[in-house]
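2 protein chains.
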Amino acid sequence: MKQAIVVRSDLDMGTGKLAAQVAHAALSGYEDAPADAQKEWKNQGQRKVVLEITGERALFEVHENAKAAGLPTALIRDAGRTQLDPDTPTTVSVGPAGNDAVDRITGSLSLF
Amino acid sequence: MKQAIVVRSDLDMGTGKLAAQVAHAALSGYEDAPADAQKEWKNQGQRKVVLEITGERALFEVHENAKAAGLPTALIRDAGRTQLDPDTPTTVSVGPAGNDAVDRITGSLSLF
Chain C
1 MKQAIVVRSD
11 LDMGTGKLAA
21 QVAHAALSGY
31 EDAPADAQKE
41 WKNQGQRKVV
51 LEITGERALF
61 EVHENAKAAG
71 LPTALIRDAG
81 RTQLDPDTPT
91 TVSVGPAGND
101 AVDRITGSLS
111 LF
Chain Y
1 MKQAIVVRSD
11 LDMGTGKLAA
21 QVAHAALSGY
31 EDAPADAQKE
41 WKNQGQRKVV
51 LEITGERALF
61 EVHENAKAAG
71 LPTALIRDAG
81 RTQLDPDTPT
91 TVSVGPAGND
101 AVDRITGSLS
111 LF
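Just so you know, the protein sequences line up as chains C and Y, in that order. Residue 76 in my numbering sits at position 76 of the first sequence, and the numbers go up by one each step. Residue 36 in my numbering sits at position 36 of the second sequence, and the numbers go up by one each step.
Any given hint could turn out to be false.
Identical copies look the same in the list; a pair holds intra-copy or inter-copy alike.
[To be verified] Keeping only pairs whose Cα atoms sit at most 27 Å apart, straight-line, the calculated DSS-like set for lysine-lysine is:
{"no.": "1", "residue 1": "Lys67", "residue 2": "Lys2"}
{"no.": "2", "residue 1": "Lys2", "residue 2": "Lys39"}
{"no.": "3", "residue 1": "Lys42", "residue 2": "Lys67"}
{"no.": "4", "residue 1": "Lys39", "residue 2": "Lys67"}
{"no.": "5", "residue 1": "Lys2", "residue 2": "Lys42"}
In short, the hints are calculated from the structure, not lab data.
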């Protein structure tokens with residue numbers, strides 16, 4: 001099992017800010033997963049991959065595709081106190097779920 | 001309330017890897033928190049700050065200080081498949097907990 005966290009590389013986020021957004025997406029996606037998936041993923045070491053994407057539209061599409069496939073997913077918007085405009089969508093998590101199911105949604109994206 | 005995630009800046013981690021380690025620490029620290037703290041922190045928007053630190057020893061110290069103060073905390077070691085030696089300690093989370101309690105442990109560290 002794994003969880004993919006997809007981050008926009010077209011925003012001007014510093015490393016710390018980007019990491020906080022990824023953590024936010026990871027936790028919210030985890031909470032969206034069924035209890036048995038949560039448990040199994042943690043038992044396997046809660047594997048995560050961070051992937052990059054360009055643009056708001058492509059990010060929304062990942063989120064919609066994950067929802068349509070019935071996978072846990074969360075879309076994070078930045079509160080916008082620093083660096084970005086308020087409510088800028090920054091990240092989407094897909095999973096935790098089976099590797100193949102996650103790859104069907106995010107398999108074409110590159111590691112960040 | 002907030003959660004601080006402290007990351008070593010003396011390791012040669014790429015941005016994606018660093019973000020994954022931060023997410024790992026955030027989730028493990030969240031799981032270490034009492035249910036009422038989890039809930040209140042989420043209701044407040046699960047505020048996170050990512051801070052930097054230099055060296056393994058200083059990282060361990062943050063973890064020990066958080067434990068001694070009774071705060072939720074998690075120390076993450078990298079599995080070491082890429083970029084780092086196996087079991088390299090990379091990140092420590094402190095909280096979710098009250099802002100003042102977290103600041104007593106991490107208040108001297110800079111934003112990443």
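Discussion item. Please list, smallest to largest, the hint numbers that this structure does not respect.
Written reply: none
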